[in-house]
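Student: Sequence:
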Amino acid sequence: MSNFIVPNTFIPGTKAKAQEVNENFVSVQEELNQKAEKFGNSTQTFSVAAATENNHAINKQQLETSLNDALEEVNNAISCIATPFTVEKGYTNSSGNPAYMSYSGGTLNFRVNSSSYGPIIAVPANNKPRFLVTSVNSIDMSSYANGSYNIFLNSEGNAYAYNNTVYIQKAAPTSPLNNTVFVNTSVFPVTAKIYQNSSWIDFDDVYLGTVQVSNNTITSIVHRNFNDNGHNVNRQNQRVVETTYKSGTSWYRVWSDGWIEQGGYITNVQVSVTESFLKNFSNTNYTITIGGLCPNTSSLSSARAILLSNKTKTGFSIVEYSAPQIDCGWYACGY
Numbered sequence: 001m002s003n004f005i006v007p008n009t010f011i012p013g014t015k016a017k018a019q020e021v022n023e024n025f026v027s028v029q030e031e032l033n034q035k036a037e038k039f040g041n042s043t044q045t046f047s048v049a050a051a052t053e054n055n056h057a058i059n060k061q062q063l064e065t066s067l068n069d070a071l072e073e074v075n076n077a078i079s080c081i082a083t084p085f086t087v088e089k090g091y092t093n094s095s096g097n098p099a100y101m102s103y104s105g106g107t108l109n110f111r112v113n114s115s116s117y118g119p120i121i122a123v124p125a126n127n128k129p130r131f132l133v134t135s136v137n138s139i140d141m142s143s144y145a146n147g148s149y150n151i152f153l154n155s156e157g158n159a160y161a162y163n164n165t166v167y168i169q170k171a172a173p174t175s176p177l178n179n180t181v182f183v184n185t186s187v188f189p190v191t192a193k194i195y196q197n198s199s200w201i202d203f204d205d206v207y208l209g210t211v212q213v214s215n216n217t218i219t220s221i222v223h224r225n226f227n228d229n230g231h232n233v234n235r236q237n238q239r240v241v242e243t244t245y246k247s248g249t250s251w252y253r254v255w256s257d258g259w260i261e262q263g264g265y266i267t268n269v270q271v272s273v274t275e276s277f278l279k280n281f282s283n284t285n286y287t288i289t290i291g292g293l294c295p296n297t298s299s300l301s302s303a304r305a306i307l308l309s310n311k312t313k314t315g316f317s318i319v320e321y322s323a324p325q326i327d328c329g330w331y332a333c334g335y
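Take 1 as the starting number for the sequence shown in my numbering and just add one per residue.
Don't take every hint at face value.
What the hints assert, rightly or not - PhoX-like mimics (lysine-lysine), calculated; alpha carbons at most 20 angstroms apart, straight line:
| no. | residue 1 | residue 2 |
| --- | --- | --- |
| 1 | K311 | K279 |
| 2 | K193 | K170 |
| 3 | K313 | K279 |
| 4 | K128 | K89 |
| 5 | K279 | K246 |
Stated by the list, open to error - Derived CB-CB ranges, DEER-like:
| no. | residue 1 | residue 2 | range |
| --- | --- | --- | --- |
| 6 | A172 | E53 | 47 to 53 angstroms |
| 7 | Y331 | S143 | 29 to 35 angstroms |
| 8 | N109 | A51 | 49 to 55 angstroms |
| 9 | K170 | S199 | 16 to 22 angstroms |
| 10 | S143 | N283 | 26 to 32 angstroms |
| 11 | Q61 | Y160 | 37 to 43 angstroms |
| 12 | S317 | D204 | 37 to 43 angstroms |
| 13 | A57 | A171 | 55 to 61 angstroms |
| 14 | T314 | A172 | 26 to 32 angstroms |
| 15 | A99 | T174 | 35 to 41 angstroms |
It is worth saying that the hints were derived from the structure and are not from the lab. Idealized CB from N, CA, C, for every residue including glycine.
Taking the hints into account, I'd like the entire structure generated from these sequences.
Tutor: Written as structure tokens, this is what we have:
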């Protein structure tokens, strides 16, 4: 701000002209009036230059920009300490449980972007900030093969389905299949990667839940619980069931650390039969138990021998010695 300078100066011992003295009084009065108006007149504004040094004044726009930047940094920091790889908020049913996914026939829809539903707020892994989406595409799953599909969402509001496995554990799974997701719980906050093109890359999308498809139709949806990534230090890394499925005598469960258990029932086994898993294992180090149904429990001579003849990540084969045909149940577990 420039200093006020009176228009006329006087030398001691000389005569002062009345006109010059009056000019000084008038100039001082005008300056005082301007000062008074700046404190009392809301229509006047200050002209403040853009600040370039710490001790410079800043204008209103600069102040608001600085505050918004600081608020964004705070939100990013909060996101980093939030529960990663989770949905934080979304539409709920009357019981308060997640209900932002719905289906009709073979189409998966999302309840977002209205006063009734609201947005989906999610927190990815890899120290990425939370994101909010108010529009999500539907997924036509009518041409998908029968099976269970994991649903994922990215920050642009794009949803998609993978028939893959999500491992939430301390070490990367061995021999992963394409699109396998690995959430590393050995670090804090947890990180997430996806296996594509024979390598692990950062995975910044969020796991929403599981959809079951049968005969070109969606038959069920399982939402992932809010703020639950399957690894909660407050629960001392307690393992929980992430996905479950049952149809007739076939079933499976996938646990939060990647453990898979599944089973089924085979009828009319004679000579050799091959059975495919509902959920593929990452290797062949799983355990499998097979038991035959004896057609005549009153006679040991009716017992049949059933042997495992082949074992792969996607299924197994058994051989039954001695006729006639029999039924058998099986159970397999592993990673």
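Student: Compare the structure with each hint and give your call.
Tutor: Now the hints, each set against the structure:
no. : hint                              : in the structure
1   : K311 <-> K279                     : holds (14 angstroms)
2   : K193 <-> K170                     : holds (13 angstroms)
3   : K313 <-> K279                     : holds (9 angstroms)
4   : K128 <-> K89                      : holds (17 angstroms)
5   : K279 <-> K246                     : holds (12 angstroms)
6   : A172 <-> E53: 47 to 53 angstroms  : holds (51 angstroms)
7   : Y331 <-> S143: 29 to 35 angstroms : holds (32 angstroms)
8   : N109 <-> A51: 49 to 55 angstroms  : holds (51 angstroms)
9   : K170 <-> S199: 16 to 22 angstroms : holds (20 angstroms)
10  : S143 <-> N283: 26 to 32 angstroms : holds (30 angstroms)
11  : Q61 <-> Y160: 37 to 43 angstroms  : holds (41 angstroms)
12  : S317 <-> D204: 37 to 43 angstroms : holds (41 angstroms)
13  : A57 <-> A171: 55 to 61 angstroms  : holds (57 angstroms)
14  : T314 <-> A172: 26 to 32 angstroms : violated (20 angstroms)
15  : A99 <-> T174: 35 to 41 angstroms  : holds (37 angstroms)
The structure fails to meet hint 14 from the earlier list, while all remaining hints are met.
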